[in-house]
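Colleague: Could you build the full structure based on these sequences and the hints that come with them?
Numbering (mature numbering (1 follows the signal peptide of the UniProt record, and there is no 0)), first residue to last: -29 to -1, 1 to 910.
It is worth saying that the hints were derived from the structure and are not from the lab. Just so you know, not all the hints are guaranteed correct.
Simulated restraints, written as ranges between beta carbons of each label pair [to be verified]:
hint : residue 1 : residue 2 : range
1    : T25       : A220      : 45 to 55 Å
2    : Q26       : G364      : 53 to 63 Å
3    : S606      : Q578      : 18 to 28 Å
4    : Q751      : T534      : 56 to 66 Å
5    : K350      : D38       : 48 to 58 Å
6    : N484      : N420      : 23 to 33 Å
7    : L493      : T534      : 22 to 32 Å
8    : E762      : K459      : 43 to 53 Å
9    : Q578      : S520      : 29 to 39 Å
10   : D376      : Q24       : 35 to 45 Å
11   : Q113      : Q712      : 43 to 53 Å
12   : S256      : K171      : 27 to 37 Å
13   : N420      : G112      : 57 to 67 Å
No experiment lies behind these values; they were computed from the predicted model shown. Just so you know, even glycine gets a beta-carbon here, dropped at the ideal spot from N, CA and C.
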Amino acid sequence: MMMMRTTLIIWLCLLEPLCLVNFTITINAATSHCLGHQHSLLLHLKNSLVYNQTQSKKLIHWNHVHDCCHWNGVSCYKGHVVDLDLSQESIVGGNFSSLFHMQYLQSLNLAYNEFHFEIYSEFKNLKNLRYLNLSNAGFMGQIPTEISYLIKLETLDLSTTITSSSKHGLKLEKPNMVEFVQNFTRMKELYLDGVAISAKGEDWCHAVSSLQSLQVLSMSSCNLSGPLDSSLTKLQSLSILQLDHNNLASPIPEYLGNLSNLTTLQLRSCGLSGVFPKNIFQISSLHVLDVSDNQGLHGSLSNFLHQRSLHYLNLSRTNFSGPLPQTINKLRQLSTLDLSNCQFNETISNSLSDLAELVYLDLSFNNLTGPLPSFNRSKALRILYLNHNYLKGTLSPTHFEGLIDLVSINLEVNSLDGRLPSSLFTLPSLQLLFLADNRFDGQLEEFPNGSSSSLEMLDLSENNFEGRVPLSIFQLKSLSLLQLSTNKFNGTIQLSVVQRLQNLATLDLSNNNLLIVDDNDLPFPKLINLWLASCKLTVFPAFLINQSSLLFLDLSNNQIEGTIPNWIWRLEILCFLNLSNNFLTDMEGPFQNLSSILFYLDLHGNQLQGPAPIFTKNIVHLDYSNNRFSSITPSDIGNSIPDSVDIFFSNNNFYGKIDESICNISTLRMLDLSYNGFIGNIPECLTTRKSSSLKLLNLAGNKLNGHISDTLFSTSCSLRFIDLNGNLLNGGLPKSLANCQNLQVLNVGNNQLMDEFPCFLKNISSLSVMVLRSNKFYGQIGCSNVIGDWEKLQIVDVADNKFSGMLPTTLFQTWKELMSDDEDKDKSRFGHLSFNFYDININYSVNLDAITTIFSKSSKMKLAKLVTVEPLYVLDHFVELGFTFGFGIFMMPLILWKKWRLWYSKKVDEALYKIVPQLDFVYERRGGKRYRSLRWKPY
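Modeller: Pasting the structure below:
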């Protein structure tokens, strides 16, 4: 009998592309004919299973004609079935009794099926199994104790992509981890990813350390706790250790560096902290190292002298810092290097280009400086991300010369300058080119063979490009995204040239000096996102009527006159609409029976009049400010838009009492009703709810009267910004205002309030601006025997009141933000007036960068008063308020895209601009970055 040996290959993908690990198991097979009873068992099994015959590639071909040892998925030895592979057969159930009678089975693979029931205890009958793979087969519930009876197992794979927190996954409770593995003395490869184990570090480490032959341990997403125990060092044969997505919450122990046979170490997103042991970098056998998504993990890269086998290195989203070592070019086999979102600094070594095998390089979101190195020796490079650093200098035609496989280049948000080489557009495989927010200038040259280019995404926004937009760009037939906004392009763009780009989904030509002409009668690309702000449009482009796929539309800052057409409300999936700062006068109805899903609508800065329609319950952001609206239809606004977050109705002609239905909007964060004709009392329900989400309340410039109720501000007050300036309010400041412990701005100026200096607010440590001017406050300015220092107070205005007595120097000496006079210190010594209205990672910061102390008798103090011991200094009314933005997440996943994220931050900037009428915009560069700032103007 002729004998042969076959090898089963199983590939495990390690969460990142380009990273494959090969595992093997060897069993004996024979060319002999299938024995009769084995043939019968297999056919009975086939006929007993329920599976999708249209998707089957194995079972569907089993029949009486052919020898069963030659069937797909079957291998035999001396006529007995020893290897059965029924993976990916879409099996959903049936009778498995025939399977459990195959006593000679050594290898069984049921992976990637759809069982959706518990694992059978009858698996214990397959006592000769050495390989069992039940991964991603839909099994659920408790893993039966009987699996642990298979003492000959060398490979066990029960892994699943269903997370361990899911009720539909597998769990290991009874038996626990210790009981489950105690019989597996031959185990070499153990995969339990996604199984809910919920064991403490000492327990599970001791359990697996008993498996002395173990080579592969993969237990990601198992609810494991830390810390790692030193018993793991008993596993001297261990080659692969994968523990991603567990809550180890501890440092990485140095003794892991003693696992000298380790080829793969994956500890992604484990809550790791402390300093990363450098001896792990020196494991000579290490191929894969991934400790990404551990923000508490610190470390640096030392010189690489002996580590030549590393293929994959991922330290992204950690706190690694320091320079990139010159010896990084010693990692000759490195194909993936991801150091993004760390704290690496200094220049990028030219030696990086010596990495001939490098395919993926991501150094984005660091503090890297200096020129961009040439990568023309890294011939295998496909992905290059260096965005969000501080790189300077020009791009030469040789930087990417010969990189025929380069697919993506992202250099946005740096300080690169000079002209852009046209050769960039001719790289044969390039699909993504992001160069936004740099200092590139000059005219873009035409480039050849645009129609044959692979380029799909091109972003050149926020640079200084000038002249006409090259027609070559409109020959890039594969383009799906084109962003040219915020440059100095001029001339005319006829929309007929855009019509050629039939794959185009996103187009942004905003904020240039372009004239957009709608001359197109041909079918237009089905756009998803369209920005045409500041494009000198005078009418709505006709092609928009048929843009049924449009999600985002910005036509702000144009010269569009007349009526907003009804069809725009009927664009079925339109979510974002910005028509602000045009010359629109009315809105075409009817507004009934609309299926609009708009959740962002900005119509501010037009001439709209009459009733303001509310026609979609989905609105999250609504801005009708700076128009001539006189009423709201329907009037019960709170019931019409119950999920709104931002409402801006300032500078209109609204009148009457504030409708209390607005209190029904439990999600409301920002409410601006300023500069209208509202009368009556402030509705108490606005801020007295048990769980108030309101962060900004602006009722300035109305005719509100009466006392401010002492119960207006509940104990759950979340307000950061209160502006009641310019009303007819009387009485005193409510003591309940002290409940607003996060308050940063309080403006009650120009009312008829009569009270003493508000010492009861002294414990609000976040208070930065306090305006009491033009009221009837009386008594001394000062507080005694009160804990708290108002250390963040930056602006105080108490002018035009009835205060008397001496100004106490001890009070003002505690106002550190106002009193600092060390001009040699960096301007950053002044605090930030940061408005966080969403309790997420969007911060709106006001930097008090330039505070002058020029006393002028002829100047009536408009903003604030700053007092030192002697002489008396007055804060001049020209105060620079520079806005800087963090990177946040909007309430919809779409805003995760940088363009929309920054766009929304700018909109909040504009909201503050409207809320505080003494502010005006200026643009400047500081520290290599371009900032839009608000400058304080005189009253």
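Colleague: For each hint, tell me whether it holds in the structure or not.
Modeller: Tested hints:
1. T25 <-> A220: 45 to 55 Å: holds, 48 Å
2. Q26 <-> G364: 53 to 63 Å: holds, 55 Å
3. S606 <-> Q578: 18 to 28 Å: At roughly 23 Å between Cβ atoms, Q578 and S606 fall inside 18 to 28 Å, so the hint holds.
4. Q751 <-> T534: 56 to 66 Å: holds, 59 Å
5. K350 <-> D38: 48 to 58 Å: holds, 50 Å
6. N484 <-> N420: 23 to 33 Å: holds, 29 Å
7. L493 <-> T534: 22 to 32 Å: The hint (22 to 32 Å, Cβ to Cβ) holds, given that L493 and T534 are roughly 27 Å apart.
8. E762 <-> K459: 43 to 53 Å: Holds - the Cβ-Cβ distance for E762 and K459, about 44 Å, lies within 43 to 53 Å.
9. Q578 <-> S520: 29 to 39 Å: holds, 31 Å
10. D376 <-> Q24: 35 to 45 Å: This hint holds: roughly 42 Å between Cβ atoms.
11. Q113 <-> Q712: 43 to 53 Å: holds, 48 Å
12. S256 <-> K171: 27 to 37 Å: Holds, since S256 and K171 (Cβ atoms, about 30 Å apart) stay within the stated range.
13. N420 <-> G112: 57 to 67 Å: holds, 60 Å
In this structure, none of the earlier numbered hints is contradicted; all agree with it.
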